[in-house]
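Here is what each chain is made of, one letter per residue.
Protein chains: 4
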Amino acid sequence: MQSNILLINCPDESGLVFKVTSILYNKYDLNIIRNGEFVERNFNHFFMRTEFSGAFDREELLKDLYEVLPEGVELKLTDKRKKSIVLLATKEHHCLSDLLIRHAFNELNANILCVISNYNVLEELTIKFDVPFHHISHEGVSREAHEAAVLQTVQQYDPEFVVLAKYMRILSGDFVSHFANRIVNIHHSFLPAFVGANPYAQAYERGVKIIGATAHFVNNDLDQGPIIAQSVIPVDHTHSAREMTQAGRDVEKNVLAKSLKLVLNEQVFVYRNRTIIFE
Amino acid sequence: MQSNILLINCPDESGLVFKVTSILYNKYDLNIIRNGEFVERNFNHFFMRTEFSGAFDREELLKDLYEVLPEGVELKLTDKRKKSIVLLATKEHHCLSDLLIRHAFNELNANILCVISNYNVLEELTIKFDVPFHHISHEGVSREAHEAAVLQTVQQYDPEFVVLAKYMRILSGDFVSHFANRIVNIHHSFLPAFVGANPYAQAYERGVKIIGATAHFVNNDLDQGPIIAQSVIPVDHTHSAREMTQAGRDVEKNVLAKSLKLVLNEQVFVYRNRTIIFE
Amino acid sequence: MQSNILLINCPDESGLVFKVTSILYNKYDLNIIRNGEFVERNFNHFFMRTEFSGAFDREELLKDLYEVLPEGVELKLTDKRKKSIVLLATKEHHCLSDLLIRHAFNELNANILCVISNYNVLEELTIKFDVPFHHISHEGVSREAHEAAVLQTVQQYDPEFVVLAKYMRILSGDFVSHFANRIVNIHHSFLPAFVGANPYAQAYERGVKIIGATAHFVNNDLDQGPIIAQSVIPVDHTHSAREMTQAGRDVEKNVLAKSLKLVLNEQVFVYRNRTIIFE
Amino acid sequence: MQSNILLINCPDESGLVFKVTSILYNKYDLNIIRNGEFVERNFNHFFMRTEFSGAFDREELLKDLYEVLPEGVELKLTDKRKKSIVLLATKEHHCLSDLLIRHAFNELNANILCVISNYNVLEELTIKFDVPFHHISHEGVSREAHEAAVLQTVQQYDPEFVVLAKYMRILSGDFVSHFANRIVNIHHSFLPAFVGANPYAQAYERGVKIIGATAHFVNNDLDQGPIIAQSVIPVDHTHSAREMTQAGRDVEKNVLAKSLKLVLNEQVFVYRNRTIIFE
Numbered sequence: 021m022q023s024n025i026l027l028i029n030c031p032d033e034s035g036l037v038f039k040v041t042s043i044l045y046n047k048y049d050l051n052i053i054r055n056g057e058f059v060e061r062n063f064n065h066f067f068m069r070t071e072f073s074g075a076f077d078r079e080e081l082l083k084d085l086y087e088v089l090p091e092g093v094e095l096k097l098t099d100k101r102k103k104s105i106v107l108l109a110t111k112e113h114h115c116l117s118d119l120l121i122r123h124a125f126n127e128l129n130a131n132i133l134c135v136i137s138n139y140n141v142l143e144e145l146t147i148k149f150d151v152p153f154h155h156i157s158h159e160g161v162s163r164e165a166h167e168a169a170v171l172q173t174v175q176q177y178d179p180e181f182v183v184l185a186k187y188m189r190i191l192s193g194d195f196v197s198h199f200a201n202r203i204v205n206i207h208h209s210f211l212p213a214f215v216g217a218n219p220y221a222q223a224y225e226r227g228v229k230i231i232g233a234t235a236h237f238v239n240n241d242l243d244q245g246p247i248i249a250q251s252v253i254p255v256d257h258t259h260s261a262r263e264m265t266q267a268g269r270d271v272e273k274n275v276l277a278k279s280l281k282l283v284l285n286e287q288v289f290v291y292r293n294r295t296i297i298f299e
Numbered sequence: 021m022q023s024n025i026l027l028i029n030c031p032d033e034s035g036l037v038f039k040v041t042s043i044l045y046n047k048y049d050l051n052i053i054r055n056g057e058f059v060e061r062n063f064n065h066f067f068m069r070t071e072f073s074g075a076f077d078r079e080e081l082l083k084d085l086y087e088v089l090p091e092g093v094e095l096k097l098t099d100k101r102k103k104s105i106v107l108l109a110t111k112e113h114h115c116l117s118d119l120l121i122r123h124a125f126n127e128l129n130a131n132i133l134c135v136i137s138n139y140n141v142l143e144e145l146t147i148k149f150d151v152p153f154h155h156i157s158h159e160g161v162s163r164e165a166h167e168a169a170v171l172q173t174v175q176q177y178d179p180e181f182v183v184l185a186k187y188m189r190i191l192s193g194d195f196v197s198h199f200a201n202r203i204v205n206i207h208h209s210f211l212p213a214f215v216g217a218n219p220y221a222q223a224y225e226r227g228v229k230i231i232g233a234t235a236h237f238v239n240n241d242l243d244q245g246p247i248i249a250q251s252v253i254p255v256d257h258t259h260s261a262r263e264m265t266q267a268g269r270d271v272e273k274n275v276l277a278k279s280l281k282l283v284l285n286e287q288v289f290v291y292r293n294r295t296i297i298f299e
Numbered sequence: 021m022q023s024n025i026l027l028i029n030c031p032d033e034s035g036l037v038f039k040v041t042s043i044l045y046n047k048y049d050l051n052i053i054r055n056g057e058f059v060e061r062n063f064n065h066f067f068m069r070t071e072f073s074g075a076f077d078r079e080e081l082l083k084d085l086y087e088v089l090p091e092g093v094e095l096k097l098t099d100k101r102k103k104s105i106v107l108l109a110t111k112e113h114h115c116l117s118d119l120l121i122r123h124a125f126n127e128l129n130a131n132i133l134c135v136i137s138n139y140n141v142l143e144e145l146t147i148k149f150d151v152p153f154h155h156i157s158h159e160g161v162s163r164e165a166h167e168a169a170v171l172q173t174v175q176q177y178d179p180e181f182v183v184l185a186k187y188m189r190i191l192s193g194d195f196v197s198h199f200a201n202r203i204v205n206i207h208h209s210f211l212p213a214f215v216g217a218n219p220y221a222q223a224y225e226r227g228v229k230i231i232g233a234t235a236h237f238v239n240n241d242l243d244q245g246p247i248i249a250q251s252v253i254p255v256d257h258t259h260s261a262r263e264m265t266q267a268g269r270d271v272e273k274n275v276l277a278k279s280l281k282l283v284l285n286e287q288v289f290v291y292r293n294r295t296i297i298f299e
Numbered sequence: 021m022q023s024n025i026l027l028i029n030c031p032d033e034s035g036l037v038f039k040v041t042s043i044l045y046n047k048y049d050l051n052i053i054r055n056g057e058f059v060e061r062n063f064n065h066f067f068m069r070t071e072f073s074g075a076f077d078r079e080e081l082l083k084d085l086y087e088v089l090p091e092g093v094e095l096k097l098t099d100k101r102k103k104s105i106v107l108l109a110t111k112e113h114h115c116l117s118d119l120l121i122r123h124a125f126n127e128l129n130a131n132i133l134c135v136i137s138n139y140n141v142l143e144e145l146t147i148k149f150d151v152p153f154h155h156i157s158h159e160g161v162s163r164e165a166h167e168a169a170v171l172q173t174v175q176q177y178d179p180e181f182v183v184l185a186k187y188m189r190i191l192s193g194d195f196v197s198h199f200a201n202r203i204v205n206i207h208h209s210f211l212p213a214f215v216g217a218n219p220y221a222q223a224y225e226r227g228v229k230i231i232g233a234t235a236h237f238v239n240n241d242l243d244q245g246p247i248i249a250q251s252v253i254p255v256d257h258t259h260s261a262r263e264m265t266q267a268g269r270d271v272e273k274n275v276l277a278k279s280l281k282l283v284l285n286e287q288v289f290v291y292r293n294r295t296i297i298f299e
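Protein chains in written order, with our numbering: chain D, 21 to 299; chain H, 21 to 299; chain W, 21 to 299; chain R, 21 to 299.
Mixed in with the good hints there might be a few duds.
For chains that are exact copies, the list does not tell them apart, and a pair is met inside one copy or across any two.
List time: in silico EDC-like cross-link candidates among lysine to aspartate or glutamate, alpha-carbon distance up to 20 Å [unchecked claim]:
#, residue 1, residue 2
1, 148, 33
2, 281, 180
3, 100, 263
4, 111, 80
5, 47, 144
6, 103, 33
7, 102, 143
8, 111, 225
9, 148, 127
10, 148, 225
11, 103, 178
12, 281, 270
13, 281, 263
14, 103, 80
15, 278, 256
16, 47, 167
The set of hints was computed from the structure by calculation and includes no laboratory data. These numbers come from a predicted model, not from an experiment.
With the hints as constraints, model all of the structure from the sequences given.
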């Protein structure tokens, strides 16, 4: 039987778990498979994620929940089916390769609708895996015109999430606003260290002993969106900036894959530029 | 106001969260601060840990809970006050030092009632921190007589937990049976690799590239009890067995401290030789 | 200009670095790019790895080195060109995928001559990347006959290294003897914990808090060969044995890739069942 | 016999290892125990660290080395004896405790000459371990006057290294200039992320999933000196800023201890604001 996922976030108050479970269990006789709650103490905000199975009327259930829950509550009632995603890439293959392989072997809870790139170097790889590839070159067109073309193509596919798999161009606030908390980026540094371009060169220059990568939702501020996952590896003085870049790639692809697993399984809440994650 | 902690484990069935929260919230109007549940799917066993505040009659609350919960349920109603512990050590100081320091600065949720050792080398350190030290030598007495003397001393203090802070003698099943799931040991290897004596020499011999330490509850089988926490560090061919031992000490003291934090805060369930931990 | 690599191991004695560098620098005027030495103190054995460039007569240089170095010395004079390898796999794709991708993008210092498998499930993947695939089924033939067929195919390709990319069949001592310290295996556990079959089920059963993977050379004793690289990830009670398996896959492919980088770049010595690695 | 340590750094050129070893081995018949070299390729700078034993005339050996080595060479000829250090602290005990304990058990290759603090809260701890404690309050005096008083006290002890064990005051360029590359600081963040005050609050605010600590030499720019060691631990949304601070303390004390081990054993070169470390 299909698992359903209920995501609730609202101002905290007494008895919320009781109120939700009394509707799910007592009124609808649904079978709760997994339950997680968290209260963010700085702002007294309540988060709950419940997986359950059983028959119910969607509209009625939501109505009943809205009735007992505080004003301002956000409810999302979804399920475990595969989400649809579009990938944007530039020239580096490692994140794209990893996602295409996982997709091919049914290990990604998503359908990759297409890959869009401003270069064509990844076309051969992409079509090997029977995924449509769109080369939208940025050469000879304005930044705005290029982004508009990309946006139009993305919108044709109408994906639930957009994944920036080493897409090396900055997206405008306008683009981002079409997909609030639905664009996932992999940043090749341990944010907030080394924002911006060439983070490995910066890391080398600074002589750090650990480098990392950060997967985050994209918002209007470059590299400032809510962090979903981070990971690191040790480096030392023997690593040139180029070797740090190479060493960082495995971290990047692993952390992007990990973050997508969380996002695609509806385990992630965004609240005040931070993520609340139910693992 | 004092936080209370309710630990429940029982065979899983529908509506358990609802039933518990309806008593805590609906009947007693208690304020639930933190709530965690987990269902072990192999054996369909339910675990729940709830922190709550408010006034209640202990006996009545337990009676009400027993009424709605399945047969075979285990309930523990406790609180966040400091637990009492006794430390056993031999000659190595690093775990003992670490716990004495944390104790002195009020960072351990425990009162160290005393330190017992089969040598006197750690006496000077212990009494610096105004903790009683008992030197119970194993020389010239039988293993049984020595253990009986240690047991007698421990029992005089009547601790809630016994911590083996690098106590290098094997405890008998009889000793262990007095403190079921209440003895925490630090084993100087990444169990189950290298059980028994001289794990670092074994690790060196095997040429491993990572060494670790394991904190676990002690049961009748040496080094086979439920694992609470583990941690590792990288090593390489340049480490002699002695250098591995030194490198391992920081890991040992950190992992012991981490496991005690979990145990003393009542975050750990033991079930079928595994631990369920609510972090 | 081509880099050369000189690998020396011999009983330690005074002045070895001087003797070697005096030949390379003083007599042949070769340019030393990188130099590493290590003395294993238990057996007083000396290891040296030197990268150098310049023109020289191979036979003469070796003769000169043998003259000044102690009896029993082992010399290997090689270079940085791509090594030839054959991959053996069974049904799981993750290690094979990773190596095929790295190969396709020229990131593996090796030519993959072919993939051999006892199943055909990985054929489609392999030929996507224009690598020959040999399906040698083990069904209906004896263990010996199957291995003989595999051996014959491997020998046709005459590879410098054989990589077991999740090849789930045990190789006989006879097979192994053809490729001493030239077969690299990825074992899906943190050896020496959980040798043998189903390590993740064993890890689940034991309730470990960290799982790992081990890349090692294969010798006659199953899972007992010299360890090249290990890596770990944390797990907890929420991971089923199946989820541990999935979580372990990323570790496996990363640690296999890391070990191959070391082996293919001639950075690894084997000595008394341990590895000495110059990074 | 006493081990000597020779540290060389100079512009790279051909034959440097040969030239050094020919003097040590060929001319002086010294026994080289351990040898490490590294060439920084961006600036073609050569680093060599050699441990050796045997009898020699210090002045003559240095003269011979200077003769064959390039202009601009820096030579340091030292040994493995304990270095003298002074510790500065403020109110937090964890790094100081850790160093005092290691010192008491002879695990730090240093004599702690004294502890200086701008508060007296750590006095009781310090004198437990028979180390002199100087309380130099910053209250009611100017920043300059306070620092001058601290400097005067440090200079009375004439230490080889000054260790800032959570000393929460900024040192002036003048102070630092007295101890170039001889002041080690522990910074409570994964530099260069979260420079300045309250890094854990910043880390919480940014919602990072990993926090870290950095040990570095102090130079004129706050938190910008050469990094010696870094380490990290995972955190998540359940950690408040205060809990991150607590979790970070174990990392801080471990990374400070690790960096001191490297510094006190003369394993660290500083070059262009980066460290070259021979492990």
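Here is how each hint holds up against the structure:
For the homomeric pair residue 148 and residue 33, neither the shortest alpha-carbon distance inside one copy (53 Å) nor that between copies (48 Å) is at most 20 Å. Proximity of residue 281 and residue 180 under a CA criterion of 20 Å is satisfied intra-copy only: 14 Å inside one chain copy versus 38 Å between copies. Within a single copy, residue 100 and residue 263 get their C-alpha atoms only as close as 40 Å, which misses the 20 Å cut-off; across copies the closest is 17 Å, which meets it. Taking the shortest alpha-carbon separations for residue 111 and residue 80, neither the intra-copy value of 49 Å nor the inter-copy value of 47 Å comes in at or below 20 Å.
Neither within a single protomer nor between protomers do residue 47 and residue 144 lie at most 20 Å apart by alpha-carbon distance, with minima of 54 Å and 51 Å respectively. In this assembly of identical chains, residue 103 and residue 33 lie within 20 Å of each other by CA distance neither inside one copy nor across copies; the values are 33 Å within and 31 Å between. For the homomeric pair residue 102 and residue 143, neither the shortest alpha-carbon distance inside one copy (24 Å) nor that between copies (26 Å) is at most 20 Å. Taking the shortest Cα distances, residue 111 and residue 225 never come within 20 Å of each other, neither inside one copy (25 Å) nor across copies (33 Å).
With identical chains, the CA atoms of residue 148 and residue 127 are at most 20 Å apart both within one copy (17 Å) and between copies (19 Å). In this assembly of identical chains, the alpha carbons of residue 148 and residue 225 never lie at most 20 Å apart, being 39 Å within a copy and 40 Å across copies at closest. Taking the closest pair of Cα atoms, residue 103 and residue 178 come within 20 Å of each other only inside a single copy of the chain (11 Å); across copies the shortest separation is 46 Å, beyond that limit. In this homomeric assembly, residue 281 and residue 270 come within 20 Å of each other (Cα to Cα) both inside a single copy, at 17 Å, and across copies, at 13 Å.
In this homomeric assembly, residue 281 and residue 263 come within 20 Å of each other (Cα to Cα) only across copies, at 13 Å, whereas the closest approach inside a single copy is 28 Å. For the homomeric pair residue 103 and residue 80, neither the shortest alpha-carbon distance inside one copy (25 Å) nor that between copies (49 Å) is at most 20 Å. Only between protomers do residue 278 and residue 256 lie at most 20 Å apart by alpha-carbon distance; the minimum there is 15 Å, versus 26 Å within a single protomer. In this homomeric assembly, residue 47 and residue 167 never come within 20 Å of each other (Cα to Cα): the closest approach is 49 Å inside a single copy and 58 Å across copies.
Hint check: violations occur at hints 1, 4, 5, 6, 7, 8, 10, 14 and 16; the rest are consistent with the structure.
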